[in-house]
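Quick mapping for you: the protein sequence lines, in order, are chains X and R.
If you count the first sequence from 1, position 27 lands on 27 in the working numbering, and the numbers rise without skipping.
If you count the second sequence from 1, position 61 lands on 123 in the working numbering, and the numbers rise without skipping.
Fair warning: there could be bad hints in the mix.
[Said to hold, decoys possible] Calculated from the model, a selection of chain X residues having no Cβ within reach of chain R, i.e. all distances over 10 Å:
{"id": "1", "residue": "Ser28"}
{"id": "2", "residue": "Ala30"}
{"id": "3", "residue": "Ala31"}
{"id": "4", "residue": "Leu44"}
{"id": "5", "residue": "Val56"}
{"id": "6", "residue": "Val57"}
{"id": "7", "residue": "Arg58"}
{"id": "8", "residue": "Glu60"}
[To be verified] Below are the DSS-like pairs computed for lysine-lysine, each with C-alpha atoms no more than 27 Å apart in a straight line:
{"id": "9", "chain 1": "R", "residue 1": "Lys65", "chain 2": "R", "residue 2": "Lys219"}
{"id": "10", "chain 1": "R", "residue 1": "Lys303", "chain 2": "X", "residue 2": "Lys33"}
{"id": "11", "chain 1": "R", "residue 1": "Lys319", "chain 2": "X", "residue 2": "Lys33"}
{"id": "12", "chain 1": "R", "residue 1": "Lys319", "chain 2": "X", "residue 2": "Lys42"}
{"id": "13", "chain 1": "R", "residue 1": "Lys316", "chain 2": "R", "residue 2": "Lys303"}
{"id": "14", "chain 1": "R", "residue 1": "Lys316", "chain 2": "R", "residue 2": "Lys65"}
{"id": "15", "chain 1": "R", "residue 1": "Lys303", "chain 2": "R", "residue 2": "Lys319"}
[What the hints assert, rightly or not] Take a look, some chain R residues computed to stay more than 10 Å from chain X by CB distance:
{"id": "16", "residue": "Arg104"}
{"id": "17", "residue": "Asp108"}
{"id": "18", "residue": "Asn124"}
{"id": "19", "residue": "Glu232"}
{"id": "20", "residue": "Arg277"}
{"id": "21", "residue": "Asp307"}
{"id": "22", "residue": "Val322"}
{"id": "23", "residue": "Pro354"}
{"id": "24", "residue": "Asp372"}
Derived from the structure by calculation, the hints contain no laboratory data.
Glycine is no exception: its CB is placed at the ideal position from the N, C-alpha and C atoms.
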Amino acid sequence: MPLAQSIGPNRIIAGQAVTHPLGNPALSPAAEKEFRRRLVRKALDLLQTPTDQQVVVRLEDR
Amino acid sequence: MGKARVVHYLNQFFAGVGGEDQAEQPPAAQDGPLGPGRLLARALGDAGEVVGTVYCGDDYVNEHPDEATAAIVALIGRYEPDLVIAGPAFNAGRYGLACGRVCAAVQETLSAAAVTAMYPENPAVELYRARIYVVPTGISAAQMAPAIERLAALGLKLARGEKLGRPAGEGYLPRGLRFSELDERPAAARAVEMLLRRLRGEPFETEWPLPVYDRVAPPPPIADLSTARVALVTSGGIVPKNNPDRIESTFATKWLKYNVAGVTDLTPQEWQSVHGGYDTTNANADPDRVLPIDVIREFEREGVIGSLHDEYLMTVGSGMSTDDARRFAHEMADELRSAEVDAVIFTAT
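In isolation and in its complexed conformation, chain X is listed as follows (with noise of 0.2 Å):
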């Protein structure tokens, strides 16, 4: 993350990992792609947010 908040995206949301950062393969199969979907809508909301600095969020709960 401080890599990347330093290369300077607009819009960032924090990923799970470096090896899966839209998974966990901790979760079963079903609850991991719920996850996924949540990351993915939380980017698709990040795309419909006005902002003039650069934004970082994280899920509360990874």
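With chain X held as given, fit chain R onto it using these hints.
What follows is chain R alone, placed relative to chain X:
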């Protein structure tokens, strides 16, 4: 060495043959200096003499590169020079390329030193900087006089076989070569001294310039997501199984796009990650973990987004230089813009 024998390479324009209409001028030679060569002769003073000028049309060199270079080098060789000076080319791309070729060829086949000069953003700089010495100039021939002075000074040093110092001090563009130097003071001492100078507000010089990341103003949000075309882009190295286009696992030299029309889920049988910078076990077990095709398709079906673009764009981010990343990003953006994509979700590892 005595008085250095110098041959000057010019294009058709500076040789006085003509402009774009003479860009097909084949290689030719004339004794003594021509055009800016006269300034060069004065700058060399007693230390050197412009014994000949070899010139060629910019289009001719770029259209018959090997043949033209061989002919030019042969003409240069007849003068038995100690030093070959090409240009200055300023920001002229074809001329810069010709100067680069000539200098590189001279270094390889004649026993003469070679140096050229051009504007730092001339495309020829990236191609030749590691192989030849390039003196930075201003953007146009209005800066001819200082460029000639610097060419003469550096050229004479090279001709005399003098060991050069660092680029900034000697007046040539950094070549991207790394040499080991021993400093008497250990790094810790140098670091503390630099810090003390900085704390005292005294000037200091960093030993390693930090990269500067440019900022882009955030674009306005998507007005209506339900009609938007969304594209996925990733640096996570997701490719069709068996990596058909052989993208590199690190230091990737390209970016690619793959069709996902009708694809609703990335399976390990048909997709994989070739990224060499992270353990791809999890990504290979389910590539949606890096490129979330499965859920974005659901959002498309549910009408949350208007559509998913038929292609996703990818590269492998491992070891990528910021220059390459920037270049790829511009190309990808052009691609996405002509496909009328409204928004991108970029996934990285």
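Okay, the hints, checked on the actual structure:
1. Ser28: holds (13 Å)
2. Ala30: holds (12 Å)
3. Ala31: holds (13 Å)
4. Leu44: Since the minimum Cβ distance to chain R is about 6 Å, Leu44(X) lies within 10 Å and the statement is violated.
5. Val56: holds (12 Å)
6. Val57: holds (13 Å)
7. Arg58: holds (15 Å)
8. Glu60: Given that every Cβ of chain R is farther than 10 Å from that of Glu60(X), nearest at about 19 Å, it holds.
9. Lys65(R) / Lys219(R): holds (13 Å)
10. Lys303(R) / Lys33(X): holds (22 Å)
11. Lys319(R) / Lys33(X): holds (25 Å)
12. Lys319(R) / Lys42(X): Holds, because 25 Å separates the two Cα atoms, which is no more than 27 Å.
13. Lys316(R) / Lys303(R): holds (18 Å)
14. Lys316(R) / Lys65(R): violated (49 Å)
15. Lys303(R) / Lys319(R): holds (14 Å)
16. Arg104: Holds, because the least Cβ-Cβ distance between Arg104(R) and chain X comes to about 49 Å, which exceeds 10 Å.
17. Asp108: The claim stands: Asp108(R) keeps its Cβ more than 10 Å from every Cβ of chain X (closest is about 54 Å).
18. Asn124: Its Cβ never comes within 10 Å of chain X, the nearest being 37 Å, so this holds.
19. Glu232: holds (33 Å)
20. Arg277: Nearest chain X Cβ is 5 Å from Arg277(R), so the label is violated.
21. Asp307: holds (23 Å)
22. Val322: holds (15 Å)
23. Pro354: Non-interface label fails for Pro354(R): nearest chain X Cβ at 5 Å, not farther than 10 Å.
24. Asp372: holds (18 Å)
Hints 4, 14, 20, 23, counting from the list given before, are not met by this structure.
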